[in-house]
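Asker: Work out the full structure, taking the sequences as your base and the hints as a guide.
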Amino acid sequence: MATSTTWTEKALASLRHTRFWKSVFRRGPALTNRTRSVAIFGNIFLHLLPVKVREQSLRVRATFYLGSIAFFLFLQLVVTGILLMLYYHPAVPQAYYDMKDLRFVVSNGVFLRNLHRLGAEAMVVVVFWHMFHVFYRRGYRGPREFNWVVGVGLLLVTLFLSYTGYLLPWDQLAFWAITVGTNIIAWVPALGSPIRYELLGGNIVGENALLRFYVLHCVILPLAAILLIAIHFWRVQKDGGLTVGQQDER
Amino acid sequence: MKTPEGPPEAARGSEPPGQRQVTRRDFFNEISTAALGITGLGAAVVTIRYISPNVLFEPPSKFRAGGPDDYPVDSVTYLRDQQVFIVRTAVGFHAISTICTHLGCITEWKPEDSLIECPCHGSKFNRDGEKVAGPAPRPLSHFAILLTPEGELMVDKLSIVKPADVLKV
Chain G
1 MATSTTWTEK
11 ALASLRHTRF
21 WKSVFRRGPA
31 LTNRTRSVAI
41 FGNIFLHLLP
51 VKVREQSLRV
61 RATFYLGSIA
71 FFLFLQLVVT
81 GILLMLYYHP
91 AVPQAYYDMK
101 DLRFVVSNGV
111 FLRNLHRLGA
121 EAMVVVVFWH
131 MFHVFYRRGY
141 RGPREFNWVV
151 GVGLLLVTLF
161 LSYTGYLLPW
171 DQLAFWAITV
181 GTNIIAWVPA
191 LGSPIRYELL
201 GGNIVGENAL
211 LRFYVLHCVI
221 LPLAAILLIA
231 IHFWRVQKDG
241 GLTVGQQDER
Chain D
251 MKTPEGPPEA
261 ARGSEPPGQR
271 QVTRRDFFNE
281 ISTAALGITG
291 LGAAVVTIRY
301 ISPNVLFEPP
311 SKFRAGGPDD
321 YPVDSVTYLR
331 DQQVFIVRTA
341 VGFHAISTIC
351 THLGCITEWK
361 PEDSLIECPC
371 HGSKFNRDGE
381 KVAGPAPRPL
391 SHFAILLTPE
401 GELMVDKLSI
411 VKPADVLKV
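Line by line, the protein sequences are chains G and D. Count the first sequence with my numbering and you get residues 1 to 250, in order. Count the second sequence with my numbering and you get residues 251 to 419, in order.
Incorrect hints may have been included.
Stated by the list, open to error - Anything over 12 Å on all C-beta distances counts as not near chain D; from chain G, calculated:
no., residue
1, A13
2, P50
3, S68
4, W187
5, P194
6, Y197
7, V219
8, L228
Unchecked claim - Here are some, though not all, of the chain G residues that point toward chain D, as calculated from beta-carbon distances under 7 Å:
no., residue
9, T179
10, V180
11, N183
12, E198
13, G201
14, G202
Claimed, not checked - Here are the simulated distance ranges between beta carbons:
no., chain 1, residue 1, chain 2, residue 2, range
15, D, R330, G, H47, 53 to 61 Å
16, G, F146, D, A293, 24 to 32 Å
17, G, V152, D, G317, 56 to 64 Å
18, G, V152, D, V419, 54 to 62 Å
Note that these hints are calculated values from the structure, not bench results. For each residue, glycine too, the CB sits at the ideal point set by N, CA and C.
Answerer: The structure is reproduced here in structure tokens:
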């Protein structure tokens, strides 16, 4: 490659000719626009993203990168969440002591816990901001109607993740927040009380409720979020790229 | 491969819709779709039933609350473990739930105001459980209270009674 001048570029260029690289990526160096497109299409992660974007959609004011920030906050929460799971038992009263241990005994535990907690709060703010931004840019209109609905699903998953995570420290704040919240659910006509019973695994916020919220928080809701995020990204490019405001399209 | 059953594709296409002969493949498709549907439905029913617990390790709904003489006349006693107020008036005994009817917080007896007050959203109730102020939609529940043959008070939290029902001792 004519432009491989730096040491990294040279190393990468020679790596691309190896049998190992070709067996993983199924092709050699991407030197033309066509082979670059094929490289994006043929990669399971990159194929969710567009092959090319309009220059104006990369400007900060076009999106404020809110969707990307929400996604990277989600990644941060997955990583810190998995690390927190190494010390946390979803049991009464051990959960509260584990949370105390994370804060006062475990090395860097308080740092990880606060990264997870503050990241979760930031994610709720950013997801709402993203939604408002897309709304005021008329991103909910066709052909992006379906992706707007997927986005609303992601907003709900974000809020449920936040809510289920709120119980896990098993302190007074958590207990009463979930008591009040699940009693609000019980006000839904006819279905409310059964939903509350199944969600708590009983009539009170106790052992079963803690375990159920833990499973929802660590397994079911993250899987739902990953699935919806994949559809959301894929639909952005299928629906013709990002919405850019009217001013930007001039 | 030649299929002995039914006419070939071209011949079938010319028949009017609804008159088409059912082939062996159609038959097995229908049967297996139905079988999959029934299996899926069964799995859903079994799973939904599984999610609902049969045994709960929660405080018992029926409990003994000591003798009537433990409670002075004209008093409200808070039983923390059971979340019940034992109210003794000049007439007799009431067992009133401490759970606020608004969103389920635990209310507190304030002797200085002679009111039962909720710390969460400010609902207030008098000692009969009737709402005086706040967002609570209903009065506090009254539980059945009776005297055992041994002369002990017994409260059943699963049995909700009218506020007029009173245990006279």
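Asker: Hint by hint, where does the structure go against what was stated? Just the numbers, ascending.
Answerer: Numbers 4, 5 and 6, in rising order.
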